[in-house]
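Colleague: Each chain, letter by letter, is given below.
There are 2 protein chains.
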Amino acid sequence: MFKFRLNKKDRGSGARTGTLKTTHGIINTPVFMPVGTQGSVKSMSFQDLEKMRIQIILANTYHLYLRPGMDVIKKAGGLHNFCGWKGPILTDSGGYQVFSMSELRKIEKDGVCFRSHLDGSEHFIGPKEAIEIQRVIGSDIAMVFDECTPFPATYDYACNSVSLSVKWAQLCKNFHNSKNQALFGIVQGSVYKDLRIKCAKELVDIDFDGYAIGGLSVGEPDTVMYEIADTVLPYLPEKKPRYLMGCGTPVNIIESVSKGIDMFDCVMPTRNARNGSAFTSRGKINIRNAGYKLDFGPVEQGCGCFACKNYSRAFIRHMIIAGEILGARLLTCHNLHFYNKMMQDIRASVKRGNFCGYKENFLKTYNNKGEE
Amino acid sequence: MFKFRLNKKDRGSGARTGTLKTTHGIINTPVFMPVGTQGSVKSMSFQDLEKMRIQIILANTYHLYLRPGMDVIKKAGGLHNFCGWKGPILTDSGGYQVFSMSELRKIEKDGVCFRSHLDGSEHFIGPKEAIEIQRVIGSDIAMVFDECTPFPATYDYACNSVSLSVKWAQLCKNFHNSKNQALFGIVQGSVYKDLRIKCAKELVDIDFDGYAIGGLSVGEPDTVMYEIADTVLPYLPEKKPRYLMGCGTPVNIIESVSKGIDMFDCVMPTRNARNGSAFTSRGKINIRNAGYKLDFGPVEQGCGCFACKNYSRAFIRHMIIAGEILGARLLTCHNLHFYNKMMQDIRASVKRGNFCGYKENFLKTYNNKGEE
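In order, the protein sequence lines correspond to chains A and B. Position 123 of the first sequence, counted from 1, bears residue number 122 in numbering that gives the first Met the number 0, the numbering being contiguous throughout. Position 10 of the second sequence, counted from 1, bears residue number 9 in numbering that gives the first Met the number 0, the numbering being contiguous throughout.
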């Protein structure tokens, strides 16, 4: 069922457009995937997302496994049936959360024993379990179970971690036998180029439907993230989709597209929204600022999103400051629209052979420091 | 601009249907007004409310006065422009909140000096200020500034309170000179029938566009609320709308309609929703209950609301337990639909001369105790 087709390559950069065919629909790449950790993209209904033409959402295996639990998802007939989202879903493997959120018990050769961050209950997830859970969830794209190496990590730690992750990746591949679900490998190796290359090569030997670069967007400087992407990408097959996990800011995304990344996910547009931060073509603005108190214009002039067409900065500022849910909804809607529109513009610019011009213009206008 | 027309009176009860003509549209009564305390009905967009055919919303003067503040509302050109809601708005006078939420400084003859519950800043609101604030807000229906007598209150306290409230009501009437805004008086008098009657008579002498019964739904038994309504209603002019402030449960509303009340407001459908409580024709259910974990049916079979048409009990339960905003949105949507549909059904039953049959059926099915 799963098929990636490379449609156009940019002449002046590594940027490319493609189409990802999945069980629940076709995705145009490069694509940004809003994060729906617990089965909803925070504050949005799935009808909102459809109206905004969101192509694919990401859901977190670790969270769904703990709550509502696999009995519920299984009985519902998978996550699509449970939550009502009709489009494609990508699930992470739970590895990242097991290592970052839970009280870690013990890394064993077959997986990790950990305690739930919700109630302290004891669980075990390894490659076999992660694949089984994602099979029950019924995501269109599953990820291998890996150890997300913390940042910073010593060379030795990263080296062992890569070995373990590659071994687990092979086990995931062995256990995975769904025709309706793609399986992506994840390149780890921290900031060590040789480890990254080694990991990429070994994963490509195993042969996955797509490849992610993991362990980035975890606190390292942007330059390091770009360097690692530059290091890894030449070792990934051109005809497979490439996913930079957890990335990023609009600038991070545009830079990474120009290197040849096809897929992105980040909590930034949704989490920032709930804190009152809105993305505009000039950069981020914080709607709480006193300057917007009497500003009855939209968050961004000319923006076609629901929030900008119907509500003012002054009103949204009041909503956010007063702690009203509507404020979070409106800014989430705006920020997701901003990200989605940016990806549309990126794809259009690659198609018409002008990605570098688009990128230059975007970066000239966009203030990456924050407030406009 | 404001005009109330009595359309039909029920033969077997005091129930009646009417139409309220306001600056921002015509309202069919009996009507339930969702509460939009800070300028939004919590978790709903105004477009959601329009789609649900909500006829009128209530906004709280005290809250809007403190935040965003009158400079913002004034500059926006009133609350309608500020928030984007195109239908009618009723504002309370702020009296209830000044007495119940703020740190009270001093009741003076011209009003109340109090400290904001938000930042402790000192403010003064009396009849003159309340009318001025509501003029700036630009609500379609304004309420007089009164002392909402606490429950319980001694006879002497209630007696003095009534005298003060009537004096303030007269001042409000004197200050109020908007053709685009109706002004309602509020009958106080606690549980003392003679005080209630005295207050009603004196307010009717002043002559308002409509009359509210205040100081109820504040913790007294339902029987007391019904008795006070029975006591007061005969003294209110038949051709003016009657509003039972802060009422109530579905059963409270049906009983009060049968006595001749036309207007209702209550935080119950919205606040309960955020706590996981949903209204159904069989009574309230708590969606958190384990019994709904694997229940993939809608909150109420046959319900035409957005939540019931698209989401299951099991999914909404998961959303509420996981603290996801979507859970609050879906149950708010359902509960407001339930209240609105009930009011539609009430109006239809009065029109076809079968309100008592409708009421009997409703009460037979509806479990007022809670869980179905």
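No lab work stands behind these hints, which were simulated from the structure alone. Computed from a predicted structure; not experimentally measured. Ideal Cβ placement from N, Cα and C applies to all residues, glycine included. Among the hints, erroneous ones may be present.
Unchecked claim - With the Cβ distance kept under 8 Å, some of the chain B side facing chain A (calculated, not the full set):
{"hint": "1", "residue": "Ser44"}
{"hint": "2", "residue": "Gln46"}
{"hint": "3", "residue": "Val71"}
{"hint": "4", "residue": "Lys74"}
{"hint": "5", "residue": "Ala75"}
{"hint": "6", "residue": "His79"}
{"hint": "7", "residue": "Gly119"}
{"hint": "8", "residue": "Ser120"}
{"hint": "9", "residue": "Phe123"}
{"hint": "10", "residue": "Pro151"}
{"hint": "11", "residue": "Ala152"}
{"hint": "12", "residue": "Arg328"}
Colleague: The structure should be examined with respect to each hint, and the outcome stated for every one.
Modeller: Consistency of the hints with the structure:
About 6 Å separates the beta-carbon of B/Ser44 from the nearest beta-carbon of chain A, less than 8 Å, and the hint is met. Hint status for B/Gln46: holds, given a least beta-carbon distance of 7 Å to chain A, under 8 Å. A distance limit of 8 Å between C-beta atoms decides the matter here; for B/Val71 the minimum to chain A is near 6 Å, and the interface restraint holds. Look at B/Lys74: its Cβ gets to within about 5 Å of chain A, closer than 8 Å, so that hint holds up.
The beta carbon of B/Ala75 comes within 6 Å of a beta carbon in chain A, closer than 8 Å, and the hint placing it at the interface holds. Hint on B/His79 is violated. Least Cβ distance to chain A is approximately 11 Å, over the 8 Å limit. A distance limit of 8 Å between C-beta atoms decides the matter here; for B/Gly119 the minimum to chain A is near 17 Å, and the interface restraint is violated. At its closest, the beta carbon of B/Ser120 sits 15 Å from a beta carbon of chain A; the interface hint therefore is violated under the 8 Å criterion.
Nearest Cβ of chain A to the Cβ of B/Phe123: about 23 Å, over the 8 Å cut. The hint is violated. With its C-beta approaching chain A no nearer than about 33 Å, B/Pro151 sits outside the 8 Å limit, and its interface hint is violated. Using the Cβ-Cβ criterion of 8 Å, the hint placing B/Ala152 at the interface with chain A is not satisfied: the shortest such distance is roughly 32 Å. Evaluation of the B/Arg328 hint against chain A yields a held restraint, the C-beta minimum of about 7 Å falling below 8 Å.
Of the hints listed earlier, those the structure fails to meet are numbers 6, 7, 8, 9, 10 and 11, in rising order.
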